[in-house]
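Number of protein chains: 2
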Amino acid sequence: MKGFFQLISSSRFYRLFSRFSPLPEEVLPVPDCLGRVPSGDKLTAEERLPPFSRSTMDGFAVRARDTFGCSESEPALLEIIGEINMGSAGTKFTLKTGQAVHIWTGGELPHKGDAVVMVEYSHLMDRQTVEIFRPVAPGENIIRAGEDFEKNSTILPEKRMLRPQDLGVLAGLGTTRLNVHRRPRVGIISTGDELIAPDQPLAPGKIRDINSTTLAALVTEAGGIPKCYGIIEDNLDKMLAVCEEALTKNDMLLLSGGSSVGRRDFTLQVLEGLKGSELLAHGVAIRPGKPTLLASKGNKAIFGLPGHVASAMVVFYLFVRPLMRLFSGLAPDHGLQNIQVRCGEQIPSVIGREEYVRISLARKPAAELPVATPVYGKSGLLHPLIAADGLLVIGRDVEGLDAGARAEVLLFP
Amino acid sequence: MKGFFQLISSSRFYRLFSRFSPLPEEVLPVPDCLGRVPSGDKLTAEERLPPFSRSTMDGFAVRARDTFGCSESEPALLEIIGEINMGSAGTKFTLKTGQAVHIWTGGELPHKGDAVVMVEYSHLMDRQTVEIFRPVAPGENIIRAGEDFEKNSTILPEKRMLRPQDLGVLAGLGTTRLNVHRRPRVGIISTGDELIAPDQPLAPGKIRDINSTTLAALVTEAGGIPKCYGIIEDNLDKMLAVCEEALTKNDMLLLSGGSSVGRRDFTLQVLEGLKGSELLAHGVAIRPGKPTLLASKGNKAIFGLPGHVASAMVVFYLFVRPLMRLFSGLAPDHGLQNIQVRCGEQIPSVIGREEYVRISLARKPAAELPVATPVYGKSGLLHPLIAADGLLVIGRDVEGLDAGARAEVLLFP
Numbered sequence: 001m002k003g004f005f006q007l008i009s010s011s012r013f014y015r016l017f018s019r020f021s022p023l024p025e026e027v028l029p030v031p032d033c034l035g036r037v038p039s040g041d042k043l044t045a046e047e048r049l050p051p052f053s054r055s056t057m058d059g060f061a062v063r064a065r066d067t068f069g070c071s072e073s074e075p076a077l078l079e080i081i082g083e084i085n086m087g088s089a090g091t092k093f094t095l096k097t098g099q100a101v102h103i104w105t106g107g108e109l110p111h112k113g114d115a116v117v118m119v120e121y122s123h124l125m126d127r128q129t130v131e132i133f134r135p136v137a138p139g140e141n142i143i144r145a146g147e148d149f150e151k152n153s154t155i156l157p158e159k160r161m162l163r164p165q166d167l168g169v170l171a172g173l174g175t176t177r178l179n180v181h182r183r184p185r186v187g188i189i190s191t192g193d194e195l196i197a198p199d200q201p202l203a204p205g206k207i208r209d210i211n212s213t214t215l216a217a218l219v220t221e222a223g224g225i226p227k228c229y230g231i232i233e234d235n236l237d238k239m240l241a242v243c244e245e246a247l248t249k250n251d252m253l254l255l256s257g258g259s260s261v262g263r264r265d266f267t268l269q270v271l272e273g274l275k276g277s278e279l280l281a282h283g284v285a286i287r288p289g290k291p292t293l294l295a296s297k298g299n300k301a302i303f304g305l306p307g308h309v310a311s312a313m314v315v316f317y318l319f320v321r322p323l324m325r326l327f328s329g330l331a332p333d334h335g336l337q338n339i340q341v342r343c344g345e346q347i348p349s350v351i352g353r354e355e356y357v358r359i360s361l362a363r364k365p366a367a368e369l370p371v372a373t374p375v376y377g378k379s380g381l382l383h384p385l386i387a388a389d390g391l392l393v394i395g396r397d398v399e400g401l402d403a404g405a406r407a408e409v410l411l412f413p
Numbered sequence: 001m002k003g004f005f006q007l008i009s010s011s012r013f014y015r016l017f018s019r020f021s022p023l024p025e026e027v028l029p030v031p032d033c034l035g036r037v038p039s040g041d042k043l044t045a046e047e048r049l050p051p052f053s054r055s056t057m058d059g060f061a062v063r064a065r066d067t068f069g070c071s072e073s074e075p076a077l078l079e080i081i082g083e084i085n086m087g088s089a090g091t092k093f094t095l096k097t098g099q100a101v102h103i104w105t106g107g108e109l110p111h112k113g114d115a116v117v118m119v120e121y122s123h124l125m126d127r128q129t130v131e132i133f134r135p136v137a138p139g140e141n142i143i144r145a146g147e148d149f150e151k152n153s154t155i156l157p158e159k160r161m162l163r164p165q166d167l168g169v170l171a172g173l174g175t176t177r178l179n180v181h182r183r184p185r186v187g188i189i190s191t192g193d194e195l196i197a198p199d200q201p202l203a204p205g206k207i208r209d210i211n212s213t214t215l216a217a218l219v220t221e222a223g224g225i226p227k228c229y230g231i232i233e234d235n236l237d238k239m240l241a242v243c244e245e246a247l248t249k250n251d252m253l254l255l256s257g258g259s260s261v262g263r264r265d266f267t268l269q270v271l272e273g274l275k276g277s278e279l280l281a282h283g284v285a286i287r288p289g290k291p292t293l294l295a296s297k298g299n300k301a302i303f304g305l306p307g308h309v310a311s312a313m314v315v316f317y318l319f320v321r322p323l324m325r326l327f328s329g330l331a332p333d334h335g336l337q338n339i340q341v342r343c344g345e346q347i348p349s350v351i352g353r354e355e356y357v358r359i360s361l362a363r364k365p366a367a368e369l370p371v372a373t374p375v376y377g378k379s380g381l382l383h384p385l386i387a388a389d390g391l392l393v394i395g396r397d398v399e400g401l402d403a404g405a406r407a408e409v410l411l412f413p
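Protein sequences appear in the order of chains A and B.
Residue numbers for the first sequence follow my numbering, so the first one is 1 and each next one is one higher.
Residue numbers for the second sequence follow my numbering, so the first one is 1 and each next one is one higher.
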């Protein structure tokens with residue numbers, strides 16, 4: 001089997017993820033939950049919001065019927081029985097027919113008050129009397145208690161990555177701690193006798209390790225906790241020992257090294273040599289990214305990534321990131337923004353493999369869709385990575401895309 | 001002036017930012033620089049990449065001319081003078097006419113070697129002899145030393161927020177520490193006697209503070225360091241003291257509270273009362289977000305935000321985030337992904353104010369553009385915030401958008 005892969009499609013690769021489960025939960029203060037995913041049942045409101053009926057305007061709380069039919073020429077005259085200071089109980093007042101209370105935006109409505117007249121449509125005759133020029137309907141300029149969220153109502157859709165506004169709403173509902181899935185811990189191991197760490201002096205035949213730094217940042221960007229184990233020499237026993245140790249402390253391992261066939265075989269030996277591991281995939285029909293390996297050990301995943309960082313990045317976005325999202329409690333997609341573009345030039349491809357072409361985007365003011373132009377470069381160059389904005393997807397059964405054709409781009413985050 | 005604003009346009013508001021400068025730099029290890037912006041001159045390569053001419057394939061390093069004219073029927077016969085192990089010096093070999101060296105992907109080329117024949121186009125006759133079936137051109141299947149980056153060449157465009165691949169390239173070039181702009185520190189202060197902290201028991205007329213939690217998460221999401229000062233009572237001296245103290249420790253303050261006219265006037269008094277402060281803006285012609293205040297004190301900025309969290313979020317994305325980006329060393333834009341959509345229904349607006357309508361997006365497979373549908377809700381409700389994907393922009397001179405019209409949406413991050 002040396003050097004050959006049993007390619008599976010990317011969709012079959014995704015189906016392998018069904019054997020993995022979200023990580024256990026932990027309890028965190030709500031302000032620390034940005035980007036996390038609540039675990040367990042759907043979140044429901046512990047209290048109602050707003051907790052009382054509130055004014056949404058500065059003006060006068062009234063009984064709406066007392067304003068019916070009033071106008072500029074025939075204002076309604078109401079007796080002011082008081083003022084509701086912010087943060088004080090509005091319900092200490094009870095409106096009788098013909099009465100009003102001065103109220104501020106956010107203030108609690110008095111008993112029997114069912115609408116608020118904006119201050120713009122009122123005129124103070126004296127301290128006890130106000131003229132109202134416009135009728136209000138019941139419910140106008142107020143939010144009634146529980147109108148936003150009733151007690152026990154659902155707050156958020158399931159499998160939601162929490163956004164700032166979600167945390168704000170939870171805070172507003174008095175929820176201060178949340179059960180969320182743990183963030184995935186991802187061990188990163190580089191292999192290759194030709195690699196040296198970025199801070200070491202260069203030597204003949206040696207090249208600096210790029211993948212550890214890139215993969216660690218990709219893990220961070222995707223919400224995980226990276227741990228770099230450095231460059232491990234090409235020695236199976238040493239490598240297996242490091243991997244076994246790393247597996248005790250991480251939910252996922254990313255192995256990457258050179259792109260030579262020998263190196264791929266070495267990674268395969270490592271994946272097969274881990275105690276209790278099961279090899280799940282040995283090659284994917286995508287380009288770049290063909291020599292991708294995946295093994296599992298219980299609920300832990302071990303990826304063998306292509307050696308070149310550009311290919312490793314594609315595999316990270318297509319497969320590693322989705323599995324990290326599954327571990328985090330989300331649907332296992334890549335979570336990248338997916339946009340429609342036009343091809344700026346003809347882009348050739350080959351039948352039988354999905355292709356992910358690095359592109360840069362340009363916008364023309366008049367055009368509906370941005371224009372994607374491939375950022376080509378010899379295999380192995382890093383330059384194109386700096387210039388690229390995302391990956392243009394060419395389907396498995398497509399020979400290429402014509403200039404001007406519509407296509408889909410996965411944007412880098 | 002009580003209660004009235006001198007509205008300026010959003011573009012004039014942005015021009016006020018020209019008085020602010022990026023924050024001082026700090027030195028960080030490269031792996032910690034994700035999302036940071038290099039300070040100072042443009043970054044140049046300290047060494048060349050790759051450091052030596054490398055093979056991009058497994059095969060045989062050759063002198064290209066020795067393969068000219070060869071074919072399946074008339075292979076070139078070359079003498080194998082050795083094998084270049086990964087990470088060892090390839091230049092210990094010098095190819096004479098008719099010689100080849102076994103080489104792996106990433107291996108250093110031997111002296112006089114100028115191309116690599118892929119192993120697929122070779123056949124080992126014996127340990128000393130290889131048949132080559134396809135000619136290679138000089139430079140084929142190799143990357144020459146410095147082809148990716150020459151020494152002293154520019155690595156990254158200026159004002160670049162560093163991405164994972166950028167950090168990888170820096171690591172590959174032996175750059176281990178970077179000067180980057182400091183992250184903005186943002187103090188967050190809520191005001192209002194009606195507010196209580198999310199963990200306090202409810203009381204009549206009281207409502208939980210939503211803005212502190214939301215704004216802190218927005219600051220984190222935008223790469224800043226939030227610091228919440230809690231809920232400060234409606235007392236000018238107390239408030240001024242907290243603000244002065246917070247200004248010594250932060251680059252920016254965000255004040256938010258209720259939406260009543262009284263509260264706005266109070267915030268204005270605070271901004272005007274700070275020692276050495278200058279009021280720069282007092283209202284913006286946008287909706288929501290009209291009652292936005294901006295003051296400066298040296299290179300520090302103090303924002304008075306609208307009271308309702310939905311409006312405060314709009315102002316955060318439109319103005320606070322751009323200024324945070326300027327502080328971080330970036331161009332002062334909002335940094336939100338901007339996409340074209342079609343309006344799912346007619347959306348009314350008013351002439352004279354830019355409008356930012358919360359929308360949810362849906363994609364139809366056949367359509368080029370996603371469809372944006374407004375997520376309406378009474379002023380003051382939080383529900384629509386949970387459902388919204390972004391903000392649809394309606395220009396100042398537009399009365400509204402028809403169903404099916406093309407429009408621009410700023411996506412929430």
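Note that these hints are calculated values from the structure, not bench results.
Check before you lean on any hint, since a few could be wrong.
Given that identical chains are not distinguished, each listed pair holds provided it fits within a single copy or across any two copies.
What the hints assert, rightly or not - The list that follows gives simulated cross-link-like pairs (lysine-lysine, DSSO-like), each with its CA atoms no further than 30 angstroms apart:
1) Lys364 - Lys249
2) Lys92 - Lys238
3) Lys290 - Lys112
4) Lys151 - Lys238
5) Lys159 - Lys364
6) Lys96 - Lys378
7) Lys96 - Lys42
These are the hints, each one checked on the structure:
1. Lys364 - Lys249: For Lys364 and Lys249, the Cα distance exceeds 30 angstroms both inside one copy (49 angstroms) and across copies (43 angstroms).
2. Lys92 - Lys238: between (76 angstroms within a copy, 29 angstroms between copies)
3. Lys290 - Lys112: neither (71 angstroms within a copy, 32 angstroms between copies)
4. Lys151 - Lys238: This pair counts as neither: shortest intra-copy Cα distance 57 angstroms, inter-copy 36 angstroms.
5. Lys159 - Lys364: between (37 angstroms within a copy, 23 angstroms between copies)
6. Lys96 - Lys378: The answer is between: 27 angstroms across copies meets 30 angstroms, while 83 angstroms in one copy does not.
7. Lys96 - Lys42: neither (43 angstroms within a copy, 73 angstroms between copies)
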